[in-house]
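Respectively, the protein sequence lines represent chains A and B. For the first sequence, this note's numbering gives the first residue as 3, with consecutive numbering after it. For the second sequence, this note's numbering gives the first residue as -7, with consecutive numbering after it.
Honestly, the hints are just simulated from the structure, not real lab data. Keep in mind it's a predicted model, so treat the numbers as computed, not measured. For glycine and all other residues, C-beta sits at the position ideal for the given N, C-alpha and C. Treat the hints with caution; some may be incorrect.
What the hints assert, rightly or not - If we take Cβ atoms under 7 Å as the criterion, some of the chain B residues that face chain A in the derived model are:
| id | residue |
| --- | --- |
| 1 | 30 |
| 2 | 97 |
| 3 | 178 |
| 4 | 185 |
| 5 | 223 |
| 6 | 239 |
| 7 | 277 |
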Amino acid sequence: MAVDTTSFREVFIGRFDDLKVVFRVLREFFSDTKFYGYKYSNNNVVFDKINIVDEIPFNISDIQRPGFYRVSHGYRFRHSYCSPKDFLLPSEHRLLTVSQSYEFIEDIESIDSSIVFFGIKSCDRKAIDILDHILYGRNPVYTKRRDSVKAIVVEECLEPGETCFCSAVNSGPTISKGFDIAYAKLDQDTILFKYGSLVGEKILRSIGLREADEDIIKIYLGMVEKAVSIMRSRIPDVEDIQKVLVKIVADKDLWDEITSRCVGCGNCNYVCPTCFCTEVVDRVEESFSTRVGVRIGCLTYIYGLVSGGHFRQELYTRYRHFVLHKYLFYLKQVGDIGCVGCGRCITWCPVGIDLRDTLKRLSEVEKR
Amino acid sequence: MSMKLGGYISVPNPFLFMKTIVVDKLEEAPGIYTYTIKFDGEFKASPGQFNMLYVYGLGEVPISLSNIPLLQGSYTLIEHTIRVVGAVTKAIASRLEIGCFIGIRGPYGNGWPLVEAEGKDVVVIGGGIGVAPLRPIIKYIERFRERFGKINILYGFRSPKDIIYKYEIDRYRAIPSTKMFLSSDTPGEGWMYHIGFVTDLINYIDVDVKNSVVFICGPEVMMRVAVKKLLDKGFRKGDMFLSLERRMRCGVGVCGTCQFGHYFVCRDGPVFRYSDIEDYLWVEGI
């Protein structure tokens, strides 16, 4: 990967405690702000409101494999089944409440303060761009929540997890825009900081970090390159995949084979940071009904089901939609592919189906 | 690909519906009803667009407008023809009588390209309840007859008793330079028209195939057969338009449940030019 070293003139170096200082200064800078990010509680990492800096999973790591996730000792936490989507488009969100006489009672939930995302990953940030294209300005819940986000602090992962492949889909591990502050852990107590906005610059300068020297930057770039080379080989070339997909869209036997182990649970959809499909349900109480948006996964049986028929009855058509949507259709819908290479769909698949195997299998078709 | 956000903009909640009142209910055929709904104020919609109809506590269904909205001073009359198939349509048919409330929001979708059809012959092919979204086309042509060439209407139903808008058929026949063809899958008493599929009627089409548009709505299998036969007859891919349906929850392209290939049927459709969907129409479950 070509890295433009000229853009590294203003990179700062600090200790682990400086990360906590950044958190504190940001909190002072944005008054009446809530911080959201990955949060460690009860041996579980959720995406939620961070009350105190120690809740941020600085001192844990994770082990991820197809169908396997464990929190472990270390300092290289990547992500969990959660993502910023859990804030921006909650798994359940009120759309409106109406009375029995069809009178409007309540609108969507209001967001009463500004939000700072702290410690989201480069892949997460890219996923937000994708969601913006689909939902911003159209979905009122997403738009309101997205507008409340006033600053974004990104952590670049310098050691990818086993299911990660962000660099193969241009979603990381480094980030060049769309953030205020980014940091990367060179080791447990050496943190590299860079800014991506005027606010970020102001904050980093205010806390008296020293500028990173060339040796440090070299170490950083070396780690980035290593991460990139590990991940690049994990899936075939995206353009090749796309060419094959166009050709084998209607190859039922191939898709049946690829889908043979899938159970159609939709976990991949729910953990995917770019999956946005929602269903609307009515929750009726005494004299009013709340219309609630809830997530629906294209792998689940009800996706495509209508009264009197089913547009995607066979499981292979739904798994195929997942793959085609991410790798072909998003390109037409938002101008980029919809997969950010986070690997969550692989890690959280209960039977360990590996999207990377699917993509490799598809590329073999090309060689036939 | 990072995009510029508006910042602090408020998006009107698209799920807010208008409270309307049922002013007429007509049983068209077994399990099929045409509702006339009174909407306070003006409601504009093009032929081929649809509304989301909401029944309290149950949910919404996407239903095409089956007539051009009629502005009556301070209110508008809107017609929807509903076939009972699922929970919401069953609730509408069994509970909603004249004077009852119903929520509506819309109109959504693109509608039929009637401006593009001007100066051309028009073929309308409908199967079963698929006739409902086509009806506004005929009403429109009737109103602006001089803008269009010959009209051929091909309607098919499962049995003679399933015909909808039968009280209007003679009126359609009376429109100048209009041919009306009917078919029924099964015979019935007094049935003097074609017995078979509506797509059989394509053989009788009498228009200038190189200067026509074809509007099709019905079950997807029927539309596929129609497209094949029309292509054989010499109609061009770009002159055929199909109105599709899918599971739909929002109407504005955010719920993602109506995807058909890379299209959102609610927003990019429901009417598609055949040449835009030929890669998808023949692929099961795409």
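Here's how the hints hold up against the structure:
Look at residue 30 (chain B): its Cβ only gets to about 13 Å from chain A, farther than 7 Å, so that hint breaks. Hint status for residue 97 (chain B) relative to chain A: violated, with the closest Cβ pair at about 11 Å, above 7 Å. A distance limit of 7 Å between C-beta atoms decides the matter here; for residue 178 (chain B) the minimum to chain A is near 19 Å, and the interface restraint is violated. Violation of the interface hint for residue 185 (chain B) is found here, the shortest Cβ-Cβ separation to chain A being roughly 26 Å, above the 7 Å cut-off.
With a least beta-carbon distance of about 19 Å to chain A, the hint placing residue 223 (chain B) at the interface is violated under the 7 Å criterion. Residue-level restraint check for residue 239 (chain B) holds (minimum Cβ-Cβ distance to chain A is 5 Å; threshold 7 Å). At a threshold of 7 Å, the smallest CB-CB gap from residue 277 (chain B) to chain A is about 3 Å, leaving the interface hint in force.
Violated hints, in rising order: 1, 2, 3, 4 and 5; the structure is consistent with all others.
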